[in-house]
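2 protein chains.
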Amino acid sequence: MKSPDVFATRSWTTRRERKKRRLLRLAGYRDGRVIQKANMIAAMEELLEPGDRVCLEGNNQKQADFLSRMLAEVNPARIHSLHLLISVLSRPEHLDLFERKVANRVDFSFSGPQAVRLAEMVSDGRIQIGAIHTYLELFGRYFVDLTPDVSFIAADSADSAGNLYTGANTEETPVIAEATAFRDGLVVAQVNEISKSIPRVDIPGSWVDLIVVADRPYAIEPLFTRDPALITDVQILMAMLVIRGIYEKHSVRTLNHGIGFDTAAIELLLPTYGESLGLRGKICTHWVLNPHPTLIPAIESGWIESVHCFGSEVGMERYVAERPDIFFTGSDDSLRSNRAFSQVAGLYAADLFIGSTLQMDGQANSSTAIAGRIAGFGGAPNMGSDPHGRRHPTPAWLEMTSETGDQTRGRKLVVQLVQTFRDGMQPTFVETLDAVAVGRRPS
Amino acid sequence: MKSPDVFATRSWTTRRERKKRRLLRLAGYRDGRVIQKANMIAAMEELLEPGDRVCLEGNNQKQADFLSRMLAEVNPARIHSLHLLISVLSRPEHLDLFERKVANRVDFSFSGPQAVRLAEMVSDGRIQIGAIHTYLELFGRYFVDLTPDVSFIAADSADSAGNLYTGANTEETPVIAEATAFRDGLVVAQVNEISKSIPRVDIPGSWVDLIVVADRPYAIEPLFTRDPALITDVQILMAMLVIRGIYEKHSVRTLNHGIGFDTAAIELLLPTYGESLGLRGKICTHWVLNPHPTLIPAIESGWIESVHCFGSEVGMERYVAERPDIFFTGSDDSLRSNRAFSQVAGLYAADLFIGSTLQMDGQANSSTAIAGRIAGFGGAPNMGSDPHGRRHPTPAWLEMTSETGDQTRGRKLVVQLVQTFRDGMQPTFVETLDAVAVGRRPS
Numbered sequence: 001m002k003s004p005d006v007f008a009t010r011s012w013t014t015r016r017e018r019k020k021r022r023l024l025r026l027a028g029y030r031d032g033r034v035i036q037k038a039n040m041i042a043a044m045e046e047l048l049e050p051g052d053r054v055c056l057e058g059n060n061q062k063q064a065d066f067l068s069r070m071l072a073e074v075n076p077a078r079i080h081s082l083h084l085l086i087s088v089l090s091r092p093e094h095l096d097l098f099e100r101k102v103a104n105r106v107d108f109s110f111s112g113p114q115a116v117r118l119a120e121m122v123s124d125g126r127i128q129i130g131a132i133h134t135y136l137e138l139f140g141r142y143f144v145d146l147t148p149d150v151s152f153i154a155a156d157s158a159d160s161a162g163n164l165y166t167g168a169n170t171e172e173t174p175v176i177a178e179a180t181a182f183r184d185g186l187v188v189a190q191v192n193e194i195s196k197s198i199p200r201v202d203i204p205g206s207w208v209d210l211i212v213v214a215d216r217p218y219a220i221e222p223l224f225t226r227d228p229a230l231i232t233d234v235q236i237l238m239a240m241l242v243i244r245g246i247y248e249k250h251s252v253r254t255l256n257h258g259i260g261f262d263t264a265a266i267e268l269l270l271p272t273y274g275e276s277l278g279l280r281g282k283i284c285t286h287w288v289l290n291p292h293p294t295l296i297p298a299i300e301s302g303w304i305e306s307v308h309c310f311g312s313e314v315g316m317e318r319y320v321a322e323r324p325d326i327f328f329t330g331s332d333d334s335l336r337s338n339r340a341f342s343q344v345a346g347l348y349a350a351d352l353f354i355g356s357t358l359q360m361d362g363q364a365n366s367s368t369a370i371a372g373r374i375a376g377f378g379g380a381p382n383m384g385s386d387p388h389g390r391r392h393p394t395p396a397w398l399e400m401t402s403e404t405g406d407q408t409r410g411r412k413l414v415v416q417l418v419q420t421f422r423d424g425m426q427p428t429f430v431e432t433l434d435a436v437a438v439g440r441r442p443s
Numbered sequence: 001m002k003s004p005d006v007f008a009t010r011s012w013t014t015r016r017e018r019k020k021r022r023l024l025r026l027a028g029y030r031d032g033r034v035i036q037k038a039n040m041i042a043a044m045e046e047l048l049e050p051g052d053r054v055c056l057e058g059n060n061q062k063q064a065d066f067l068s069r070m071l072a073e074v075n076p077a078r079i080h081s082l083h084l085l086i087s088v089l090s091r092p093e094h095l096d097l098f099e100r101k102v103a104n105r106v107d108f109s110f111s112g113p114q115a116v117r118l119a120e121m122v123s124d125g126r127i128q129i130g131a132i133h134t135y136l137e138l139f140g141r142y143f144v145d146l147t148p149d150v151s152f153i154a155a156d157s158a159d160s161a162g163n164l165y166t167g168a169n170t171e172e173t174p175v176i177a178e179a180t181a182f183r184d185g186l187v188v189a190q191v192n193e194i195s196k197s198i199p200r201v202d203i204p205g206s207w208v209d210l211i212v213v214a215d216r217p218y219a220i221e222p223l224f225t226r227d228p229a230l231i232t233d234v235q236i237l238m239a240m241l242v243i244r245g246i247y248e249k250h251s252v253r254t255l256n257h258g259i260g261f262d263t264a265a266i267e268l269l270l271p272t273y274g275e276s277l278g279l280r281g282k283i284c285t286h287w288v289l290n291p292h293p294t295l296i297p298a299i300e301s302g303w304i305e306s307v308h309c310f311g312s313e314v315g316m317e318r319y320v321a322e323r324p325d326i327f328f329t330g331s332d333d334s335l336r337s338n339r340a341f342s343q344v345a346g347l348y349a350a351d352l353f354i355g356s357t358l359q360m361d362g363q364a365n366s367s368t369a370i371a372g373r374i375a376g377f378g379g380a381p382n383m384g385s386d387p388h389g390r391r392h393p394t395p396a397w398l399e400m401t402s403e404t405g406d407q408t409r410g411r412k413l414v415v416q417l418v419q420t421f422r423d424g425m426q427p428t429f430v431e432t433l434d435a436v437a438v439g440r441r442p443s
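If you're matching them up, the sequences are chains A and B in order.
The first sequence begins at 1 in this note's numbering and counts up one residue at a time.
The second sequence begins at 1 in this note's numbering and counts up one residue at a time.
No lab work stands behind these hints, which were simulated from the structure alone.
Only true hints are included.
No copy is singled out in the list; a pair is fine if it fits within one copy or between any two copies.
Computed list of lysine to aspartate or glutamate pairs in EDC-like fashion (alpha-carbon distance at most 16 angstroms, straight line):
1) K20 <-> E49
2) K19 <-> D333
3) K101 <-> E49
4) K101 <-> E45
5) K19 <-> D325
6) K20 <-> D325
7) K101 <-> E73
8) K20 <-> D333
Put together the whole structure using the sequences plus the hints.
So, in structure tokens, the structure goes:
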């Protein structure tokens, strides 16, 4: 079957040929898969091409920071107009890429620490934002219209066959590597060391093209290594209200907590206040959550059956290794986290999402976007949404049915913990979210 | 911190110890990871325990059918009360498991060919249905409250280190293996052969506990190897309406098609009717879809930029291998499909889902459940739902905005192709879906 306007002859292996050319240009810089760190900037100038779609592993925890620091130093006369794909714009050099005109476009999820500088650079026209996504949405696009040409990822170690060990911080490495490797993109991994053998294989060597031993171990951000003594009386009161008024009332067994003292207070009160209500085994048994230290009392007192994690938490490695009944771990005893599957679990398998927010309007719309900051979303709009596709009934989900008639279905519980006034007596409840004006601003 | 009622001493490695005991009991039946096929039934009686949560790889395409046939023959006096987790209850032996009382409970997604027998066995009380899920929902629960104790999976080949090659039919093997292996479950793979080396690694050997060479290659169901000449004039007319009235009108570039002649007609008309409208490059560029043969004319005439696949399609292996620019393939030239990630892409990254249905009511609620059949859902309620978490704007998505005011957002296009009357002049449009009565039936 031929249409009037067929492409009579064309190559169907252009991506594969381009990958071969990239690797050929690198011949002088690599020994098999291995590149020396001192050559990395020069190697990047050979392997990249202007306009490439480049995925850089970087989220609110693990960072391919050696590779991002090197990338920020390539010569913009040679490598420019990159389209950056990144979960979290969190490090200064991520924005230096745009300052130096190495990149000019970004698709991302969250930009916590760089939110103010990002807003300025968007105003100045130095960054074009494709879109701000939830993690799962961004990962989904890696298989559709945002497939990476080159990905820069991070792992603990590699063996001589290129197999990667990610230890407790597997996080989003598998989804990035898969989307890139199987569409003839180039996968470049920074590792802390190359070993004769690795404790387990997290990413098969046949998915990895190039490996560099970084100048220092990859950066990792602690999310919740804080002093529980800083939890306030008001937060304890709110936590009691949640346990009694929401978790007990709705029999919430599968859930995802946000990060911070508000939800940490709930975790800490389960073995005392929760126990006094006779709720052990009845609520909070299955979690989608990183290994927060504030979960320890509930785990030790037998409240928790399982925890699946997006990533790990600095300092929790030995505790997790000693509690394989609770966490997903490998035969090497370390956590196997997986950001993509934890987001799927949080979306579809959890009955409740609870978080905190900065502003809320009269219709309970909430936002963390306030004027002059573009922070983005992370996972909240994914896990904090009621997925229409969900079908399995649980008491918590069915309890939330508000429809009547033939078409009733359950609903996910979505809870926001806020106080009436934020720091500086800023009101939490507003007529119109700041986000409305932020969204209208031309970009 | 101690609560009044702590578990003073308990083991935190019960899952790991149980796995060790299972493997110890198998000592006489295995040589390293390898079990001989003649011993498989006896081996299953040693490795399984009554009440186990057992995941059996089986969907509308790939089947771990050697393992399901063997499982159906274990002695129910020893192995009983299994809780089966399976995407699609499609083979007779899947229901024989319940007939013989080896299993008594099932969580699943779809039961096409066995829908009538399933409905009977539920009525008779021989099967308890936990829930009927979408694929992504079921996969999510594997990391929360339905983590498998034992998984039976299928691959093309294994090497001596236990690494698995799945060829074009990777499908759901990775998500099952990950959920099981990293919570000290047992992963058992049937393979077509054991080779000295495999073309690529799809599942690392350190995730796989036991391997058996099956009596014949794993079963694989062709989904769409049919004669396009059977497409009717009405289907061609409907396809033209869709191209002109929906895809052109809304600039639909990223999409998922259902299976069948209705949507095949659309695919076939792109290079002719679509070309005559000047739509090449403007619609239908990025697909989430198996490699349907009816996509070939659109691919050959330059309409399609990429296709990510849930699974493969029998007979399309060589075509896919010759078109790596379009499909996700490995260095061995064969497809890397991935059901979990394709469902994520279909949910979050696609602008349109189009399918067919059996009944529709006045509010456009639709269902394929009719009296006396429990077919389930597959992926449709997932990909055919508007995900609240989605944030990235595309023309197709923004076009669907119906809200006004500050909180406007886009919406996924969900299209059902139906004719007014089905076979036997059964009306498609009904006052009340049969599914309402089916849902009310006590089970």
